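Fit chain B to the given chain A structure using the hints.
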Amino acid sequence: MSTSRESFEGGVFHESIPNGRAGATISIARGELVADTTGEPSQRFTIPLSQCKLDLGGASGRMVFCRTSDGSLTIFCEDRNFAKELDFQSGGVFASQLQALKKGQRAEASRFHFWLAVSAVALAALLILGYYSILGAAKVAIRALPVSVDQTIGNTAFNSMDVGRKLDSNHPASKLVEEIVDKLKPHAKIPDMKFKVTVVEGKDINAFALPGGQIVVYTALIKEAKSAEQIAGVLAHEMSHATLRHGIERIGQSIGVIAAIQLLVGDVGGLLALGGQVAQTSILTSYSRTAETEADLEGVRMLHAAKIDPQAMAEFFKMLEEKMGDLPDAVAWISTHPQHETRVENINNHKKTLESIEYEPLKLDLKAAQDAL
Amino acid sequence: MTSSLQYEIQLRPDFSLLKVSLEQGQKVYAEPSAMAAMSPNLKLKAGFKGGALKSLGRLMGGESMIVNTFSAENGPGEVLFAPGHLGDTQHYRLSGGALYLQRGAYMANSEGVEISGKWQGAKGFFSGEGLVLLKATGTGDVFFNSYGAILEVDVTGDYIVDTGYIVAFEDTLQYSVSVLPGLRGGGIKRLFFSGEGLVCRFSGQGKVWVQTRYVIPFLSWIDRFRPQKNK
Numbered sequence: 026m027s028t029s030r031e032s033f034e035g036g037v038f039h040e041s042i043p044n045g046r047a048g049a050t051i052s053i054a055r056g057e058l059v060a061d062t063t064g065e066p067s068q069r070f071t072i073p074l075s076q077c078k079l080d081l082g083g084a085s086g087r088m089v090f091c092r093t094s095d096g097s098l099t100i101f102c103e104d105r106n107f108a109k110e111l112d113f114q115s116g117g118v119f120a121s122q123l124q125a126l127k128k129g130q131r132a133e134a135s136r137f138h139f140w141l142a143v144s145a146v147a148l149a150a151l152l153i154l155g156y157y158s159i160l161g162a163a164k165v166a167i168r169a170l171p172v173s174v175d176q177t178i179g180n181t182a183f184n185s186m187d188v189g190r191k192l193d194s195n196h197p198a199s200k201l202v203e204e205i206v207d208k209l210k211p212h213a214k215i216p217d218m219k220f221k222v223t224v225v226e227g228k229d230i231n232a233f234a235l236p237g238g239q240i241v242v243y244t245a246l247i248k249e250a251k252s253a254e255q256i257a258g259v260l261a262h263e264m265s266h267a268t269l270r271h272g273i274e275r276i277g278q279s280i281g282v283i284a285a286i287q288l289l290v291g292d293v294g295g296l297l298a299l300g301g302q303v304a305q306t307s308i309l310t311s312y313s314r315t316a317e318t319e320a321d322l323e324g325v326r327m328l329h330a331a332k333i334d335p336q337a338m339a340e341f342f343k344m345l346e347e348k349m350g351d352l353p354d355a356v357a358w359i360s361t362h363p364q365h366e367t368r369v370e371n372i373n374n375h376k377k378t379l380e381s382i383e384y385e386p387l388k389l390d391l392k393a394a395q396d397a398l
Numbered sequence: 545m546t547s548s549l550q551y552e553i554q555l556r557p558d559f560s561l562l563k564v565s566l567e568q569g570q571k572v573y574a575e576p577s578a579m580a581a582m583s584p585n586l587k588l589k590a591g592f593k594g595g596a597l598k599s600l601g602r603l604m605g606g607e608s609m610i611v612n613t614f615s616a617e618n619g620p621g622e623v624l625f626a627p628g629h630l631g632d633t634q635h636y637r638l639s640g641g642a643l644y645l646q647r648g649a650y651m652a653n654s655e656g657v658e659i660s661g662k663w664q665g666a667k668g669f670f671s672g673e674g675l676v677l678l679k680a681t682g683t684g685d686v687f688f689n690s691y692g693a694i695l696e697v698d699v700t701g702d703y704i705v706d707t708g709y710i711v712a713f714e715d716t717l718q719y720s721v722s723v724l725p726g727l728r729g730g731g732i733k734r735l736f737f738s739g740e741g742l743v744c745r746f747s748g749q750g751k752v753w754v755q756t757r758y759v760i761p762f763l764s765w766i767d768r769f770r771p772q773k774n775k
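Chains as they are written, first to last, in my numbering: chain A, 26 to 398; chain B, 545 to 775.
So that you can see chain A by itself, here it is in the shape it has in the complex (with noise of 0.2 angstroms):
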């Protein structure tokens, strides 16, 4: 057997060192393990390689141990290459030794990783299980609230809002919009909501409506619109939001959200001042995918019922849709809703659903009212 070719920084456990440990040069020379201390006076510490038991270990989980048959002398290493030396010298003894502890090792880490793992996913349930527990809460909490509410939000919503030039409601296309409502208007799921629509000038083709019955048209949608059962099929979806209570839902979401959020973290301080904010318009008109297609589906209900053919609002969607490619402006009323394709489509299974009917032709001068624009 030969002397190890370099020596290694490592330390020794021993008795009669003081505080039992010290840091010590190790080297392997003819077939034993030598350890001299580094401090002063410097102590030299054999194990005969024959004698070794190995271990594996320390804060980095790669610290070789190699300790006497009755434990009392221990001669640690981290360098990596330690235990490869001590493996040549000893002639292939320990490779079977440091292999099985490595193994074990290794089970030991993915063990650990597995519960990292279960632990990390049940948070994760956890907190999705919360939000939505949270939202359903809200949800039933807002549906008790009457009305009413959703009118004096909407009113003064709209009061704040900058929206942009009002038509005079003697206007043809105000009074355009003002007949359709009035039809659709009995089939309401809620009957004595107070529905206003107002025109406004605007180059979107976009149209909103506000809680309680609040409803915004303008006057590109209008003009772009090829008949006015496309109008009525736009008007049903918004009229749709309104009896279906989206808005002061979507408002009750955000605070129930953010309510408990601050009641865990303890401050109800804030909670009016945030009323505020989250009363913001933006809020109030758009709208989650689901809305929307739960608004689809009630106005295809509506329309069905006014005797007014629901295809035309399949076709407006297909119409922006073709549009969408060189009108930019026609993105605000297409951006916050659901892919046209899946519209129409829900659109149409829905109308099969419905006893099938003789549809009567709305009789309003679009043509007229587009011109006066």
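A couple of the hints might just be wrong.
Unchecked claim - Across the chosen pairs, the derived CB separations fall in these ranges:
#1 B:765 to A:120: 49 to 59 angstroms
#2 A:76 to B:745: 22 to 32 angstroms
#3 A:64 to B:589: 22 to 32 angstroms
#4 B:589 to A:136: 42 to 52 angstroms
#5 A:158 to B:759: 26 to 36 angstroms
#6 A:127 to B:761: 33 to 43 angstroms
Stated by the list, open to error - Subject to a maximum C-alpha distance of 30 angstroms in a straight line, what follows is the list of computed DSSO-like cross-link-like pairs (lysine-lysine):
#7 A:221 to A:200
#8 A:109 to B:751
#9 A:332 to A:376
#10 A:377 to A:343
#11 A:214 to A:164
#12 A:128 to B:751
#13 A:127 to B:571
#14 B:571 to B:598
#15 A:251 to A:388
#16 A:164 to A:376
#17 B:751 to A:78
#18 A:78 to A:210
If you're looking for bench data, these hints aren't it; they were derived computationally from the structure. Fair warning: this is a prediction, and the values are worked out from it, not measured in the lab. Built from N, CA and C at the ideal position, the CB exists for glycine as well.
Then chain B, alone, in the frame of chain A:
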């Protein structure tokens, strides 16, 4: 230069104060704001030590990136260091190897010692004690402090310490974070409500320093006596 520092830890354990007597030419490094008093002939220099990465490591380990250096350039002198909170101060002599320090436990060190951050990843995340431990390596003296008194435990085999009570441990000890064994059967409910939970399991041979108080339970105890905010 591995000569050891002459030091004395006074007023132990609750209001401990570390006195280091420097000989001509000796230096001591300490965390900022630890200095309580000093001889006027000592020179104080503040700055980064050990480069950007090591400084960042210290920052992640709950220490300042800046380290103050006190050097006895004009004759011997003494300097007193006080921990930020009440508790004991402990000396450790490094001779090769490494000492791991809990977040914020570092106080001072002599020349020849490097203090850096040691990323512990998921282990650190779940222990709730920060993602980075401080690691002291080299040859020289290290001083660290605790909240409460310090108990030195000689581990042979296995030993379990609540993660909040660990102050420092030697590199020869393997450690893993786990749920307190008795709680495993009791399900997740016990983990959340018993107030005991994550522990560090040490195995191998080496020393662990355990503090006799943990600041979080102390804060929740004192919280009950706070005046209530008016609604």
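Quiz item: Hint numbers the structure violates, sorted upward?
Solution: Violated: hints 13, 18.
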